[in-house]
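A.B. asks: Residue-level listing of the chains:
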Amino acid sequence: MSSCLRHIFSSLLIYCCAATIPAAAADDDRRITLSGTVTNARTKEPAPFVSVLLNDGERWTVADEKGLFIIRNVPPGEMTLTITALGYAKRKIKLHAEDSMPPLRIALPEDNLLLEEVVVAAQANHDEIASSYVIDRAGLEHLQMLNVADAMRLLPGGQTNYNQHLATGSGQYLAVRSVSSEDGNPTFGAALEVDGVRLSSNAAFNMTTERRIYGTDTRNIASANVESVEVVTGMPSVQYGDLSNGLVKITTHRGASPLYITASTKPNTKQAALSKGFTLGRKAGVLNASLEHTVSIADLASPYTSYDRNTLSLRYTHTFNTHDGRPLSVEAGITGNMGGYNAQSDPDLFVDTYSKARDNALRAYVKMQWLLDRPGITSIEATASVDYTDKLTEEQTNKSNSSSVAVLHGKEEGYFVATRYEDNPSAPILLIPAGYWYQRRYVDSKPLNTAAGVKAKWLHPLGRLHNQLMAGLDFTGTGNKGRGEYYQDMRYAPTWRDYRFDEAPDMYTVAGYIEEKVQWPIGATTLQGVAGVRWDKTFVAAARYGSVGSLSPRFNLRYTVTDRPDGPLRRLAFTAGWGKAVKLPSFEVLYPRPSYIDRLAFAPGTMADGTTFLAYYIEPYATVYNPDLRWQHSRQWEIGAEAKIHTVSLSMLFFHHRTIDPYRYTNRYTPFTYKFTGQEALENSAIPSADRQYRIDPSTGIITVVDRTGVQPSEVLAYHERRTFKARETIVNGTSFVRRGVEWVVDFGKIPLLQTSVRLDGHYYQYRNADETLTPSSPYLQNMADGNPYKYVGYYIGDAAAANGYETRKANLNITITTHIPAIRMILSLRTEVCLYNFRQNLSEYSRGERGFAVDNRSDNFPSPDPTRYNSDRYVAVYPLYYASRDDMETLIPFAEAFAKAYLNDRPLYNELAKLVERANTDYYFNADRISAYYAMNLSVTKELGNVATLSFSATNFTNNAQQITESDTGLQNSIYNHGKRLIPRFYYSLSLKIKL
Amino acid sequence: MKKIQSLFYLAALALLLFSSSCEDDPIIGVKTFDVIVQLEYPAPFEPAGGVTVRLRNLTTGVVDENVADSAGAAVFTVVAGVYEATVSEERADDYFRYIITGSRINIAVTDTWFSDIPVPLPLTATSLPKPAEGDVSPYGKLIIKELYVGGCQKDDGSGAWTRDAYLIVYNNSSQPAAIDNLAIGTCFPHNAHQATSAFWVNGAWIYANESWLPSVYGAWQTTKRDTLAPGEQRVIVVYQAIDHTSVYSNSVNLANAAYYVAYDPESGYSNTSYHIPPSELIPTAQYLKAYRLPGVTANAWTISVNSPALFLFTPRDGTSLADFANDENNKVLHGTSASQAALKVPRTWILDAIEVFQEDRIADSKTRFTPDVNVGYVPYTNNFGHTLYRNVDKAATEAIFGNAGKLVYNYSLGMEESTDPSGIDAEASIRNGAFIIYRETNNSTNDFHQRSRASLRD
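Residue numbers (our numbering), protein chains in the order written: chain A, 1 to 997; chain B, 1001 to 1458.
Hint data in this document are derived by calculation from the structure and do not stem from the laboratory.
All C-beta atoms in this analysis are idealised placements derived from N, C-alpha and C, irrespective of residue type, glycine included.
This list has only true hints and no planted wrong ones.
Anything over 12 Å on all C-beta distances counts as not near chain B; from chain A, calculated:
{"#": "1", "residue": "Asp127"}
{"#": "2", "residue": "Glu230"}
{"#": "3", "residue": "Leu314"}
{"#": "4", "residue": "Tyr492"}
{"#": "5", "residue": "Tyr508"}
{"#": "6", "residue": "Arg658"}
{"#": "7", "residue": "Met889"}
Cβ pair distances, simulated, as ranges:
{"#": "8", "chain 1": "A", "residue 1": "Ala962", "chain 2": "B", "residue 2": "Ala1195", "range": "14 to 22 Å"}
{"#": "9", "chain 1": "B", "residue 1": "Trp1200", "chain 2": "A", "residue 2": "Ala962", "range": "21 to 29 Å"}
{"#": "10", "chain 1": "A", "residue 1": "Lys411", "chain 2": "B", "residue 2": "Ala1195", "range": "40 to 48 Å"}
{"#": "11", "chain 1": "B", "residue 1": "Asn1253", "chain 2": "A", "residue 2": "Asn684", "range": "24 to 32 Å"}
{"#": "12", "chain 1": "B", "residue 1": "Asn1329", "chain 2": "A", "residue 2": "Asn974", "range": "35 to 43 Å"}
{"#": "13", "chain 1": "B", "residue 1": "Gly1159", "chain 2": "A", "residue 2": "Ala272", "range": "36 to 44 Å"}
{"#": "14", "chain 1": "B", "residue 1": "Asn1253", "chain 2": "A", "residue 2": "Lys411", "range": "32 to 40 Å"}
{"#": "15", "chain 1": "B", "residue 1": "Ala1195", "chain 2": "A", "residue 2": "Ser181", "range": "18 to 26 Å"}
Whole structure, please, built from the sequences with the hints as guidance.
C.D. replies: Here it is as structure tokens:
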């Protein structure tokens, strides 16, 4: 091995030198023409419009309607032809091309179960050097995928999701080598492309109070016309930007095809789909059209809450100049979806109440690829796309109250008193009178993403080096054309502030990248390498953060020791990758919606009709600009090895993913005093309540009562002041953290006698994050012993909570036994998904000292003689590192020392400081939680009925496993279904029928 | 004064000795007559014998005293003259002293006097609070007479309205009771059928052998100096002291100047869905003060709408609830969130308690009080205007002499499975002027029943 490494090193050195030699110095300038005919292996008829790629796309063409293809200007020698067409099996042909070579005659078999090599699991994609997996049509059909996120379960160690339907109130997201609930917004960092169109959630606004940014909701992506799903788990090419947690590429049907009619059913979901590839004529290309209707219900017992998807997709492809060696491929597609979530017809809801959410989408793209084959430029590709989503949610609820309700709409800072709608409909605070009413709320979000890009490739062989240089420019624009949240009738709008999404300036990004890909035969081995760098610059109008630049270098290597079809060792290869990926900031970061703190400033007694004219101090604030904020990014590396010994394939991959500068929300506190006036100030008022008109000075908060009748003089009410804090949110960079793991696959190949193959795959995954950001926190809404608002602020390591992070570890093992009998065109798989190890532990960590200690009794404030906090079955308390007083915010006082002194000498201070001590909720909070092993078994059968129909059936968790699991933190046993973590799906079946006409 | 009186008696004796008009007197020859004074007691009092009746000659001033027999008759032998008969008797039951008095003047005894005809003496009775024996707590016997927490159906059929909760504190003694510094708390967990609780460990409450009970989030306390006379009550509104009936016709009118209300927005309980400014009729002195414990983040003090465990208490020995609640040692944490702090209220401070179980979850429910505070429970179905009402102590109530004729029976507002076994309609009887004594056995099963209608709607 050491000689091998020396070989690689010396080869790299040579390459570095060779890369500087002009291309003209290549020792063989001969060029040949490669031609051939592709036919249907079964019918012997020409296979029209098949794609023919040379050496993974260095050169390419598309066969004409007679199956004839010509590739000109090809260097002679070893090469690989890849032939793909819709409805046919992908074929790779290795050949040695010479001048005298006759036209090729390629018989392409149809893609069906008569083939020997049908695979229904995710396969490592050897076309990419970075680790990636591909699930093709056979696997997807066998899986009966209704949501593209389902495909993730076929990755090594992936397991079936608990959720069985699409009718969830919130979205469904993809997470690659991560779990959606972890820090660092992993679903936001996972990039998703459909036919090359990037779907982005950058322009989405999270309307919930949780401080989390999600990725793209996958529910509106049609699943029936998906040809393949590729998941790049490693460091992707630099042509892919704006990502930090993997890339998922979905490719839909392309090319001439018969009419496919598909019908699928699961207990909660039904789907019907049509798909056909129309040949438009000899020189007019192919039009693929697909139509899908999917409806999913949340609850079988109450089938009224549903999600539906109605997608029409058109995709046009045509290639010009197929015979002159410089083909020009034009591709355009448009996909429209109408549907969404709907609980309108649920009879369990009160009359005329409902909620529904549109999930309409329009995606269009144009792509042009031109094989120029000129000196200095081999091919050029230009793309333009638009992705528009209409996510209008509408919700009508019934309301009632026996008193008036003060609703706050004001966005200006100051004191304001509630006003009747009739008196001033645009008042900052309105009163909804006592009674019954309906409230109809809309949230109109219409993210619009546009993109355009151009990239060029240049093949420049250097001797034995096979080089390809790629460079490109990308432009993306992101905006939201939605109205934001609003209400049908302002008379009944609740407390809410108008914030129009469409007024947030668009975000533009320009990116440039360059990447060199080299393939270097070294003796009998081959070294492949990709090195690239990407530069992104984001321009944001009117955002404090201005334009943001980032540089992302990425490297991937593969060293193939052997790769041959026979012999004991048929394949041995090693891979390594390293790189940086930057996820662009979302609108949540760039344009954080202003928040408002509304403090009750006046509370007069309620009148006989239920009206009370409350007044509030409105305090608007936007997230405080942080000039030190750095953009979140990730740095990852992976190394792997793969081998094939006889028929047994093995692969193993270690990955390490560090999220750097993750975004965190914290508060900053500044002292603040406001006035409060209570009913006691009115008890001696000479003005009858019915005649009172309350006026409040917006800046001072002093209330004046005016007699509407003019009989009594105006009265200025007494007040008292409340000294407290303003808490203003800001975004900071948290502590970097790591995900790491191992993915492995052992495929024993097919046992001919049994027509059966056994595959084991699994992963071990670890996530650990203990944030050490110094985080201020104050229970300032509480009072002190003297009745005044709390005056101290604690500065904690990480959150003001017992834990500042957690660690998870998980080891999954999947055993898939697949019996494929081509003679009867049937494939049957039994997949046992086992979770061997499921671990979680809360963490309280500080790299420069202790964070937290065990206490003998739950309410104790001082450490136990044995302060061990982990796995000790004891409660744990956590001090802030420092505290500061409202009277002197600049002085940070070490907490532990001051607290101990106060205990001895200053009991009132001790009692107040004790309010800053955080503690665990349970005595097992810091115990390791290991869940005992559990499993689910899934059975799938696909049977082709001649060439006309394919029938698939699957039963998920068909043994109806309802085992008891044990959790080590409490020692308690529980049913696997009652467990809050939803570990395995309940038993359900699915059936689908696909007819080919 | 005594000297004058003695002289007066001597003169009268001399007059009698030297008189010669009493023919029937074999010794001194003075004619005498029998006067039978018949005491007529007001209902429900009956003659009991042993009562001293005084007969005074209005001319001579001579007073004769005799003891009435068991039939209420006292016989005097007197000379002719004009007399006055008086009587004063004191009786008592467990709760009151009764002063029974009567007086009749101008009883003219002449030669035509019929000695065998009784002279009726009508009596009247006055009740006075009876001094308590033993415990002389200034709080008397303050009890929870009623707890209404479950809400009622809205008029539009959209569900229940539950922000109209209240309780009634009642003086169940014959002694005035001060209610300033009276505090209210509820026990964790909020609901009796809550599946898990950090306080429930190894089949027992962790405070079972402690001297305290956990009071959710802290407590509320009255601040106004106020006293309840025997049989007097105060309504304490838990959420919204306004008239709910104008919108929810099944609800209650809580806008009343006499009511107290838990309202203290500056404490942090500022959620106007629960706590809105009380009716302007209610003086701010009747607002209860909230003691919200450190760590509590809830912006409303909420009580279970289906199965609360509520108790009344008052700090003793001069302890300030403010100081007590702010002392770190008096706080205990509960449950799944650090914000669920509870105040460790000494059990000796507790005056009364009620334990409620949701009617269809009884099998899952656990009583949260320790046996010295309360055992048993009262079943409850919320959302339909039902209330939890105290049972009448039938024997004690009927034993009160003044209640005769004022008690209303055939109580019909109890629920099928839970009604007042006394059969006395307490509210109707109170309106009749009766004094109701409620049961106090520290057992909610015995002491309470589910009433189909809030008493404030009677």
